[in-house]
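Put the two chains together into one complex; each comes in its own frame, and the hints tell you how they fit.
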Amino acid sequence: MRPRLELLDSNLISRVLEEAFELLETPGVKVASPVARTLLADAGARVEDGIARIPAPLVEQALASAPKEFWLYSRTGERLVHYGGDTVQFDPGSSCLNILDPETERPRSALAADLVRMVRVAEMLPEYSAQATAMVCNDVPQEIGDFYRLFLVLAYSNKPVITGAFSAPTLNAMLKLLAADSGGALNRDAPRAIFDVCPSPPLNWSEFASENLVQLARAGVPAEIVSMPLAGATAPVTLIGSVVQHAAECLSGIAIHQLAHPGAPIVWGGAPSIFDMTGAGTPMGAIETAMLNCACTQVGKSLGMPTHGYMVATESHLVDAQAGMESSMSAVMGALAGINMISGAGMLDSLACHSVEKLVIDAEAIASAMRLVRGIEPRSEHLATHMFAEIGLSGEFLKLKDTRTLFRSEQHFPSSVIERGDASATFSTTFERARDRVEELLNLYIPPSPPQLEALQEVALHEADRVGLCTLPGLGSELDSIHSV
Amino acid sequence: MRDHILNGMRQSIIDGAPSAAATLAQEGLANGISPLDAIDAGYVLGMEHVGREFARRAMFLPDMMASAEAMKAAMDVLEPQLKKTGIERPSAGTVVLGTAKGDIHEIGKTLVGTLLTANGFTVHDLGVDVSGERFAEAVRTLKADLVGVSALLTTTMKGQRAVIEVLAKEGLRPGVKVVVGGAPVTRQWAEEIGADGYAKDAMSAVTLVRSLIEHQPVVAQ
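Listed in order, the protein sequences are those of chains A and B.
The numbering used here puts the first residue of the first sequence at 1, with every later residue one more than the last.
The numbering used here puts the first residue of the second sequence at 1, with every later residue one more than the last.
FYI, nobody ran anything at the bench for these hints, they're computed from the structure.
Check before you lean on any hint, since a few could be wrong.
Said to hold, decoys possible - In silico DMTMM-like pairs for lysine to aspartate or glutamate, Cα to Cα no more than 25 Å straight-line:
1. K399/A / D129/B
2. K401/A / E165/B
3. K200/B / D436/A
4. K399/A / D201/B
5. K399/A / E53/B
6. K68/A / E18/A
7. K399/A / E170/B
8. K401/A / E381/A
Chain B extracted, bound-state conformation (with noise of 0.2 Å):
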């Protein structure tokens, strides 16, 4: 029965099918599986193999939105619970999301937090047209491990520049990584502002935050 419901789960996500990984979820609480083991014996796996599939062209953004979707919809009936019960899921890291000052998009910005969360990450979505000062502010209140400033224009694009510009004026630098992303920025891009890392897609920013986070020599705050 319990890896009946964790298969379900699985597949849930796979499927894209919010209200199915809802379901499964109050399923699997009424038949005793921990929301600890839902998520990650179930519903991440389901979460992974997207992201395999996505990466060898056999799966494509809109059904990783829809995984992305379903994800969520299993997480807002498992996260009271953990509350309740006082467990908290480990964090991989806390990350701060933001699209750069003066642009509105987020469909990129947004697959990143919801893969991150999906990968155990602690994600804060600033939302768009966010400041190097916004960016800053939530870094210190949240004691953020990295930063990820989205733009999908060039004009935006020096935007990035402005956050990382900020964090350094406040003395948070050397705390925090900082990695870019969206449609016109390229590596070097990232080395030309200082960035500590650049991912062209949703996926690969997952294995960036992960290796970056990892390797982060501990620095007091």
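The shape of chain A in the complex, shown without the other chains (with noise of 0.2 Å):
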């Protein structure tokens, strides 16, 4: 049997989704963009001054038409990423400022040349299945931000990419960046990207988010719901309350999406997390935001959707024992919780700072719960009688045959950032163990040689003209020879 977590009973995701459907209709959701209060009014929402009262059955309808399944393509066209049933999957976390520097253990602004680095690090884990635009990069003007981070990882990856858009401008320029991507024009059959889309919480569509919803359905481009109920400030204080807007955040994104174009692969996920009474914050790593997470999924999948999460990371402003505790225990719970896509690694300080070193450890922490999921199986007919039949009470299993054929399936192996009591035990810490991990990876690491990437850049010098930008930082001297060849 597959483990699994399991917060909420029947009756109680019942309960969850009659009262999200009851919000839909009162208070009702905010929309601020005009085609999709259009998209809603035609198919039967009552909209007044920016409010759309959508009935059930318009939900139904949508989620009827969402796929239950999609995935997601590497570059060269495998499928890599499964958003649907049972499949655990994890992802860098996206999008923040800073990065800890690995020599000096101490924040600062991240730099395109960061984001390669990790970018390069996340292809060599096959712990992460897909990438993500995991950091904005300060020597980049604010305005394409969102833009050149995801050109930077297409440049450096073959992998599928979590990413997001922050304006409607940039929006376009990154579709026009997958479509150079897949060759010239947006494969919708073999979408390499996914795109978050954020609701502003509580039950608000900003312009921006709403239009996205519908910009990404018309193109083909997946979306992915990142609902953000913080518990007790922006959402009811009960976990159960939170997960009751989580689910109408959701189910209206749902029906704006699948409104404007039905079928288009659109997820149902979060960054739900409870508000910390301290001082303000959004504990990333606290219990009830993982189970808050797990919940939220649970209310999906009883819906049939492919489901996300925010996980395994922390507050801790250091790659430490907290850090470790906080991200290994909801990389546990996502995991048993099924939770298709679970972002969020190599995370501290609330999602404001990202550490490399924290990225591989997180790997390992990630690998030990996927083993926790493959469960306990029995191998062979008897389960240890024909073994004692084999060598009695000699105690002699490691000759045994069935010891050399199976261990590797019964035992995770994990890394050299894991101390096993080694023979060359230098008491190192795990942060220390974890960056010769990181340089052992970029060292095995081989450049993508994308035969786009001509056009990739070309996009990008495009749009970094558009802002005065005349160089286009990250970009590496392996990569200018590839060009050059």
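See below:
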């Protein structure tokens, strides 16, 4: 059996959905985009003063047309990320401003080169099924910050990408970039990227966010709703109350999205969190935050929707015991809850700071969590007696053929980041070992040689030129050399 | 043909395939490969590969056990031939191994023995639950260069100290190195009881034994 974590019984899930549907009618949902409002009104919602009251049948129809599963593809067209069912996958957290400097162990502004370093390391770690546009590069003008992150990830990676736009004009440029990446036109049948779209709590779709849903649906680019109820501040203080709000935000988002293009891929996702009553923080590492993510997922799953959550992060400013404890606890919980995509690995300081070293440590927690999900299974007709039949009471299990054929599937082997009583014990810290591992992975990394690089660079140069940037920060020598070939 | 067979011998150790290792040993002899060449240019290369892979966590204990079994299967074919031809494989040194008094765990010690044998040492395994007196007797009669005492339990670790004390009492200690190992054993413990060395695992035991025997001053026995 596969071990599972379920926090809500079916009766409570029904009540959550009942109240969420009720909220969609009273008080309704703020929708700022005129296009989205028109779509809703034409389909039977009552729209007044920027508030849409969405009747249940409209939402039910949207749920029926939304795909229950879909894939993201690698650059070379392999299916790498599966949204749907109980598939569990992880990607690094997104969009922070700072990076923990590996030498000083203090945060500083993230630069394009830092994002590239993280992309290279994430590319080498199988625990991350997808890349994320993980940092805002402070050496790139803000107007194209979202666009430029995606450019660097596409240039340095083959994996699918989880990204998002900060404004309408850059969304267009980002879609152009993806079109260039897939050889000229967006490939509806084999998308490589998914865009996070964030409603503002409570129950408010800003003009950009609602517009974004419509554009993505029409472009055939998958969208991931990132609903962020802050229990106690921008959402009900009870965990279950926040789960209701999360459900209502997702349902309204799915309605807008499916009205724009029925059948377009969309994910029931979010970054719900409790609100820290001691100092206005959003504790991403709190157990209740992890519980919210698991419960929200359960509601989405009950509707058959693909799911997403935000976990494996911490409030700690350093890669320390708290960071390890909080990140690994939520990695285990998210995996057991069967969340399709869990974002957040590598992140410190309530999502304000990234650390490449933490990313490799989190990969170890993720690998252990995935081992847990595989559970305990019989591997042969008899469980143990056949082994005793072979060796009696000699205790020589190490010599058994079964041992040799089965130990790799029974045991997970961590990397050198994890201390396992090695002969060469140097009393190093986890952070120090992670730093070595990062260097090791960077040395093993082979830059992809996308045939589309020239086209990508052309789009990037055009955007850079628009904001007065004359170089492309973060593009390393190896890419230049590929370019010149 | 010769290279093909030697490569196969190396590979049979990496694959941990005893029957292939034995068959290739016979094939090698039939094709004029001397037993010494088969060992040094064939099987030992495989064992060295396994050791390197083990050190970088690409192969694991069960793989190494299987490789050791394959090595043993090859040696079972080659050793009678060596004896028959009167040629002896030059020994890197004579080692006496055993598990401390009161301790019956032998996997670690056996693995060390197999690896030492594969690396050219002459190994006499005294088995488990071995008293200091039996170690001393073996050192005397075999003119051993080194004694290895294993212990898995904290309660039997003191047996390692007893071996060193008996060797000293019988005047054998100056002529023989003593190394200790086993899960609870630490470098500090080795120093405390006056052992010459400590190894955490079988691979580092080989390195340790080699360095101790190479640097041993010649002492009249």
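Verification of the supplied hints:
1. K399/A / D129/B: holds (21 Å)
2. K401/A / E165/B: Not OK: K401/A and E165/B at ~41 Å, beyond 25 Å, violated.
3. K200/B / D436/A: Distance of about 23 Å is within 25 Å: holds.
4. K399/A / D201/B: Roughly 17 Å separates the two Cα atoms, so the pair holds.
5. K399/A / E53/B: holds (19 Å)
6. K68/A / E18/A: This hinted pair holds, its Cα atoms lying about 21 Å apart.
7. K399/A / E170/B: violated (38 Å)
8. K401/A / E381/A: holds (16 Å)
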